[in-house]
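Visitor: Sequence:
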Amino acid sequence: MIQALQIQSKVTLADEKIIPEFHLSEANMRALRAIIMHNPKIRFYDEPPKEGTQTLVFRINLDGKDYALRVTQIPLGLKSDLKGLNDLKGIEGIPEYKEVFHDEKGTIIGLLIDYIDGKNLHDYIASAEPKEAIELARHIKKLIQNVHARNHFMPSDWSKEENMIVNEDGIPYLVDLGAHGHELQHDKYTSVNRRGIDFESLDRLFQSSSLRLATRLKLKWILL
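Start counting at 1 in the sequence shown, then tack on 121, and there's your number in my numbering.
Keep in mind that the hints were calculated from the coordinates and are not lab data.
It is possible that some hints are incorrect.
Said to hold, decoys possible - Under the rule of at most 30 angstroms between Cα atoms (straight-line distance), these lysine-lysine pairs were calculated in the DSS-like manner: (1) 252 to 226; (2) 252 to 200; (3) 171 to 262; (4) 204 to 171; (5) 171 to 226; (6) 226 to 162; (7) 210 to 252; (8) 341 to 210; (9) 341 to 263; (10) 263 to 204; (11) 219 to 263; (12) 210 to 171; (13) 200 to 171; (14) 162 to 252; (15) 252 to 240; (16) 210 to 226; (17) 263 to 339; (18) 262 to 204; (19) 252 to 341; (20) 219 to 204; (21) 252 to 219.
Could you build all of it, start to finish, from the sequences and the hints given here?
Guide: Shown next as structure tokens:
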């Protein structure tokens, strides 16, 4: 069910409908009020937000289409997200953003990006058939190579379950780009493949799954 939010002066029904259920901080509520004032057509789904890197993520509907609304929890918390979305635009597996929201000081307080409907990386691998897992490994490898080709590096926690979503077509999307724009810290990585790309965390997920040994070995070979 979608919650209808109406503007009433500077106060919205969000005060009554979101705070009791979602227990948002006053800073988060100020950000939501400013965003709704800017775009009154936004409708929030009646479900709690997800926690991302330095952000809360709401699923919203705007003009009949679903989006993910990222609201910062700390000052400048969305700056690196926006940089990553701009720098990596056009790469399969990187969501597009529709709108950026600022407060009266010009600080980014909200970011509207494509909503990716699917399973998180961990759940997808846990239920994947061998063919699906193999295709997923190839897609992720291509995504990471394309990110590196733009002189960026994947965040060290890119494989955390809330950071990557796999859609119904088996395409993985990096939905939290908060760590982009930073240089690769080699001491945070215990191994990289021969092209200098770290696949250890993904390989661990595959090797700990219920996939057969032959499939797991093939996946390991793909990631070399």
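Visitor: Taking the hints in turn, state whether each one holds.
Guide: Each hint tested on the structure:
1. For the given pair, residue 252 sits about 50 angstroms from residue 226 by alpha-carbon distance, which is inconsistent with the 30 angstroms threshold.
2. Restraint check: the Cα-Cα separation between residue 252 and residue 200 comes to about 38 angstroms, which exceeds 30 angstroms; the hinted pair is violated.
3. For the hint pairing residue 171 with residue 262, the CA-to-CA distance comes to about 26 angstroms; that is within 30 angstroms, so the pair holds.
4. Proposed proximity of residue 204 and residue 171 is supported: the alpha carbons are some 21 angstroms apart, at most 30 angstroms.
5. Between residue 171 and residue 226, the direct Cα distance comes to roughly 26 angstroms. Compliance with the 30 angstroms bound is thereby established for this hinted pair.
6. With a CA separation close to 23 angstroms, the supplied pair residue 226 and residue 162 stays within the 30 angstroms bound.
7. Between residue 210 and residue 252, the direct Cα distance comes to roughly 28 angstroms. Compliance with the 30 angstroms bound is thereby established for this hinted pair.
8. About 29 angstroms separates the Cα atoms of residue 341 and residue 210, which keeps this hinted pair within 30 angstroms; it holds.
9. Between residue 341 and residue 263, the direct Cα distance comes to roughly 15 angstroms. Compliance with the 30 angstroms bound is thereby established for this hinted pair.
10. A distance of roughly 21 angstroms separates the Cα atoms of residue 263 and residue 204; the hinted pair therefore holds under the 30 angstroms criterion.
11. Using a Cα cut-off of 30 angstroms, the hinted pair residue 219 and residue 263 holds, with the two alpha carbons roughly 25 angstroms apart.
12. For the hint linking residue 210 to residue 171, the alpha-carbon distance of about 24 angstroms falls within 30 angstroms, and the restraint holds.
13. A hinted pair counts as satisfied when its Cα atoms are at most 30 angstroms apart, and residue 200 with residue 171 qualifies at roughly 19 angstroms.
14. As the CA atoms of residue 162 and residue 252 are separated by approximately 42 angstroms, the hinted pair breaks the 30 angstroms bound.
15. Proximity of residue 252 to residue 240 is assessed by CA-CA distance (about 17 angstroms); at most 30 angstroms being required, the pair is judged to hold.
16. Note on residue 210 and residue 226: the hinted pairing holds, with a Cα-Cα distance of about 27 angstroms set against a maximum of 30 angstroms.
17. Distance hint between residue 263 and residue 339 is fulfilled; the C-alpha atoms sit about 17 angstroms from each other, no more than 30 angstroms.
18. With a C-alpha separation of about 22 angstroms, the suggested pair residue 262 and residue 204 falls inside the 30 angstroms cut-off, and the hint holds.
19. For the proposed pair residue 252 and residue 341, the alpha carbon gap of about 14 angstroms is at most 30 angstroms, so the pair holds.
20. Between the alpha carbons of residue 219 and residue 204 the distance comes to roughly 14 angstroms, so the proposed pair stays at or under 30 angstroms and holds.
21. For the proposed pair residue 252 and residue 219, the alpha carbon gap of about 34 angstroms is over 30 angstroms, so the pair is violated.
Checked against the numbered hints above, the structure breaks hints 1, 2, 14 and 21 and satisfies the rest.
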